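J.: Model the placement of chain B on the given structure of chain A, informed by the hints.
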Amino acid sequence: MTQDNNSRREFLLAGLFAAGAAVGCSPKKDVFEAGAEPGVQASGKKVKLLSVDGKVIEVDEAFLKPVPELPPVSNSEARLGIAGKKFVMVIDLSRCKNLRKCQEACDTMHHVNPGQHWVKVYPMQDADHTSPYWEPTTCMHCDEPPCVKVCPVDATFKRQDGIVLIDSDRCIGCRFCMAACPYSTRVFNWAAPDISAELAKLPYSCETSVPQKKGTVGKCDFCADMTRKGELPHCVSACPNGTFFFGDMNEDTVSNGSETFRFSDLIRDKAGYRLMEDLGTKPSVYYLPPVSRNFPFEPAVDSDLKNKL
Amino acid sequence: MENSNTLASVKIIHDLLPQKFGTKGKVFIGVLLAFCLVGLFAYYRQLRYGLVVTAMRDYVSWGIYISNFVFFVAISLVGSLITAVFRLANVEWSKPLTRIAEIIAVAAIIFASLIIIVDMGSPERFYFLFLYGRIQSPIMWDVIVITTYFFISILLLYYPLLPDLKILLRFKEKSGKGLHKLYKFLGSYWKETPQQIKLGDKAINILCITIIPVAFSIHTVTSWLFATTYRPGWDSTNFGAYFISGAFLVGAGSVVVAMYIFRKAYSLEQYITPKHFEKMGRIVVLLALLYLYFNINEYLVPAFKMKKSEEAHLTGLFAGDYAPLFWFAILTGMIIPIVILLFKKGRQPVPAFIAGIMVVVGAWFKRYLIVTPTMLHPFMPMYNVPESYHHYFPSWEEWAIALGSLAGTMLVITILGRIFPIIPIQETINEQHETVA
Chain A
0 MTQDNNSRRE
10 FLLAGLFAAG
20 AAVGCSPKKD
30 VFEAGAEPGV
40 QASGKKVKLL
50 SVDGKVIEVD
60 EAFLKPVPEL
70 PPVSNSEARL
80 GIAGKKFVMV
90 IDLSRCKNLR
100 KCQEACDTMH
110 HVNPGQHWVK
120 VYPMQDADHT
130 SPYWEPTTCM
140 HCDEPPCVKV
150 CPVDATFKRQ
160 DGIVLIDSDR
170 CIGCRFCMAA
180 CPYSTRVFNW
190 AAPDISAELA
200 KLPYSCETSV
210 PQKKGTVGKC
220 DFCADMTRKG
230 ELPHCVSACP
240 NGTFFFGDMN
250 EDTVSNGSET
260 FRFSDLIRDK
270 AGYRLMEDLG
280 TKPSVYYLPP
290 VSRNFPFEPA
300 VDSDLKNKL
Chain B
0 MENSNTLASV
10 KIIHDLLPQK
20 FGTKGKVFIG
30 VLLAFCLVGL
40 FAYYRQLRYG
50 LVVTAMRDYV
60 SWGIYISNFV
70 FFVAISLVGS
80 LITAVFRLAN
90 VEWSKPLTRI
100 AEIIAVAAII
110 FASLIIIVDM
120 GSPERFYFLF
130 LYGRIQSPIM
140 WDVIVITTYF
150 FISILLLYYP
160 LLPDLKILLR
170 FKEKSGKGLH
180 KLYKFLGSYW
190 KETPQQIKLG
200 DKAINILCIT
210 IIPVAFSIHT
220 VTSWLFATTY
230 RPGWDSTNFG
240 AYFISGAFLV
250 GAGSVVVAMY
260 IFRKAYSLEQ
270 YITPKHFEKM
280 GRIVVLLALL
290 YLYFNINEYL
300 VPAFKMKKSE
310 EAHLTGLFAG
320 DYAPLFWFAI
330 LTGMIIPIVI
340 LLFKKGRQPV
350 PAFIAGIMVV
360 VGAWFKRYLI
370 VTPTMLHPFM
380 PMYNVPESYH
390 HYFPSWEEWA
400 IALGSLAGTM
410 LVITILGRIF
420 PIIPIQETIN
430 EQHETVA
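Heads up: the sequence lines are chains A and B, in that order.
If you're matching positions, the first sequence starts at 0 in numbering that gives the first Met the number 0 and goes up one per residue.
If you're matching positions, the second sequence starts at 0 in numbering that gives the first Met the number 0 and goes up one per residue.
Next up, chain A with everything else stripped away, as it sits in the complex:
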């Protein structure tokens, strides 16, 4: 953690120097040259770059350094969320054929315990004579989250960007949130998580939800680390049928990676809805009804899913 902090500070300092150069306070030596590895000589070949304040600047090619991977934010920063954002997901039920690639990607990236899943895919049938369909669920990231309401120690919390996360270093394992959640979203680490020793040793990050800890609750985190980088959650990019759309409600756009829609248009035109609206939980996940389906409903073939329909 200390190392992380140091590298973060260096990174910020480098940024400050760069900004200083850009606004034109002229040190004797080019800041890029000053910041270069010892022994690197100017090649004389210049590259044009856009500075942080929007000016075009020229830098010698030899002094260019790749930007280091952004260090993870601290857990107190992770509690605040990203200002000005309101993340939202749209799941198009007409596109889901229960491939469960979303589930696989999520399980892999979050090291979810075998047998448990944060993304679930349910066979649903609303009434005897209505058509069955597949319904993937994530955490609904409710705007009135019942889980957050009941948590006695502020271990699960709602951020300004709408994401509901868990601090596993805080969770006391009372499981009240699991009883309170009507969407059966939350899972519990009944035993020590099935992960490598190196992974288990890492400090816990609220945004990656890794590593999970024995005796604490886990759930879908909308891949808060990915959204911070401006990338799509793993389930969204893993779905070959583009079932999941993710985006920012304030920008009014959602994307599944290859297609991008105006969120408000999509919801209006395709009659989007949310699950269990009557409970007043105000989910951030919207569903598009399974009409004009790309795939017919086929009951699951896997042996573990058979007989359970």
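These aren't lab readings, by the way, just hints derived from the structure by calculation.
All values derive from a computational prediction rather than experimental measurement.
The beta-carbon is built from N, C-alpha and C at its ideal position, and this holds for glycine as well.
Take these hints with a grain of salt, some might be off.
Examples of chain B residues lying across from chain A (beta carbon under 10 angstroms, computed) [said to hold, decoys possible]: (1) L130; (2) P137; (3) F378.
With a cut-off of at most 30 angstroms between alpha-carbon atoms, the simulated BS3-like pairs for lysine-lysine come out as follows [what the hints assert, rightly or not]: (4) B:K307 to A:K148; (5) A:K213 to A:K200; (6) B:K183 to B:K10; (7) B:K19 to B:K173; (8) A:K85 to A:K100; (9) A:K269 to B:K307; (10) B:K263 to B:K180; (11) A:K96 to B:K307; (12) A:K148 to A:K212; (13) B:K25 to A:K281; (14) A:K100 to A:K269; (15) B:K190 to B:K25; (16) B:K94 to B:K173; (17) A:K212 to A:K228; (18) B:K306 to A:K148; (19) A:K212 to A:K85; (20) A:K281 to B:K165; (21) B:K307 to A:K281; (22) B:K190 to B:K94; (23) B:K201 to B:K19.
Simulated coverage check for chain A against chain B, where a stretch passes if three residues somewhere in it have a Cβ under 8 angstroms from a Cβ of chain B [what the hints assert, rightly or not]: (24) 105-118; (25) 144-151; (26) 165-172; (27) 177-183; (28) 189-203.
T.: Okay, now just chain B, sitting in the frame of chain A:
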């Protein structure tokens, strides 16, 4: 006249001084200790491997630990009923039962707190409740009121004990060195000056008044742990009153059981008389009818509507997997005791004792039925999860811990009954004087 009074006092003191355990008592203690030790070993395994040693999984995430907790909170309410409500209502006959009731209350509330820690996935973080507590969470309300109730109950056990401690201090030979030291530590400052008596009475009165709302709070808040969620079977506006009526019933039943056992074990036939069983029997019948009334509300009103979300839950209880247990709890916990105790003959010590046991056993299973079946009927289907997630039957570790906690409660009650006079001596003497005069 004067002479007979003093004789009576001597006899009362002689009869009511704490008695050493006989062989039966020692065996009883040994058995209880054995249960506690097995429970401790099971808890060690749970600490080491995690809650995976229980049968709880993601759907049934609350099991017998929680229902046991509700049971303990329920039974502890009796302290406030017998001691406070009856005292404020000037009920004279209940006086010999007050200490039994308070001892049960203290023992049960101790184990309620312990069992809730046992249920935690990360018990080493227990202090987080005080460090990061969120007052908006019903769990915090429970922590606050249970702690308050614990201290009021302790004081309500302690203050009326002071005059008795003064008597006990006169019998150093009989009580032995260790106990004498304890009595001295607890009560040597009590000189029975008029001022002290006045203060003591005032303190007891204040405690009796404050314990009633706190007692209502502990069980109402405990019911809200369930009623503040959306789940079928829990989503009820009736839950607070339903829980309180059930709590008074199981508490009164447990007092009848304890009365009978203490009466037998310490030969207290002259102090706990058939009259007491007669009166307690009437109270149990009244409370059982009240609880039955709330049960009818709680089950039959939703069953009339049969909302889709409630349907699987209710049919499961009435005619499904849980039907045998459900009807057992209704019959044993309410109907049969009502039938027994409605008749004068049923309120004799032995049948009343049997009815009391039925009430307590029925109540334990009733709490189990309130917690578990609901968790097996979530709103989303149970699908694509390991087979073990579909059912719940407690593992041996859970049974061992639950039984260990029940044994622990009985152990605390037994030990307190060994250390302190189970029937208030001074009050009995005073009462004797009044009746003779």
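J.: When I compare C-beta atoms, does the stretch 105-118 of chain A have three or more residues closer than 8 angstroms to chain B?
T.: holds (count 3)
J.: Is the hinted pair K307 of chain B and K148 of chain A satisfied, with a Cα-Cα distance of at most 30 angstroms?
T.: This hinted pair holds, its Cα atoms lying about 26 angstroms apart.
J.: Go through the hint on L130 of chain B and say holds or violated, using the shortest Cβ distance to chain A against 10 angstroms.
T.: holds, 8 angstroms
J.: Has the given pair, K213 of chain A with K200 of chain A, been kept, meaning a C-alpha gap of at most 30 angstroms?
T.: Judged against 30 angstroms, a Cα distance of about 13 angstroms means the pair holds.
J.: Take the stretch 144-151 of chain A, compare each residue's beta carbon with every beta carbon of chain B, and decide whether three or more fall closer than 8 angstroms.
T.: The restraint on the stretch 144-151 of chain A holds, since 5 of its residues have a Cβ under 8 angstroms from chain B and three suffice.
J.: Is the hinted pair K281 of chain A and K165 of chain B satisfied, with a Cα-Cα distance of at most 30 angstroms?
T.: Roughly 64 angstroms separates the two Cα atoms, so the pair is violated.
J.: Please verify the coverage claim for the stretch 177-183 of chain A: does it have three or more residues whose C-beta sits within 8 angstroms of some C-beta in chain B?
T.: Check passed, 6 qualifying residues.
J.: Please check whether the stretch 165-172 of chain A has three or more residues whose CB lies within less than 8 angstroms of a CB on chain B.
T.: Result for this restraint: holds, n = 4.
J.: Within 30 angstroms, alpha carbon to alpha carbon, are K148 of chain A and K212 of chain A?
T.: Status holds; Cα separation ~22 angstroms.
J.: Are the Cα positions of K190 of chain B and K25 of chain B separated by 30 angstroms at most?
T.: Status violated; Cα separation ~35 angstroms.
J.: Does K25 of chain B pair with K281 of chain A here, judged by a C-alpha cut-off of 30 angstroms?
T.: Violated: K25 of chain B and K281 of chain A sit about 60 angstroms apart, past 30 angstroms.
J.: Should the hint that P137 of chain B touches chain A count as held when the rule is a Cβ pair under 10 angstroms?
T.: holds, 6 angstroms
Comparing the model with each numbered hint stated earlier shows that hints 13, 15, 20, 23 do not hold.
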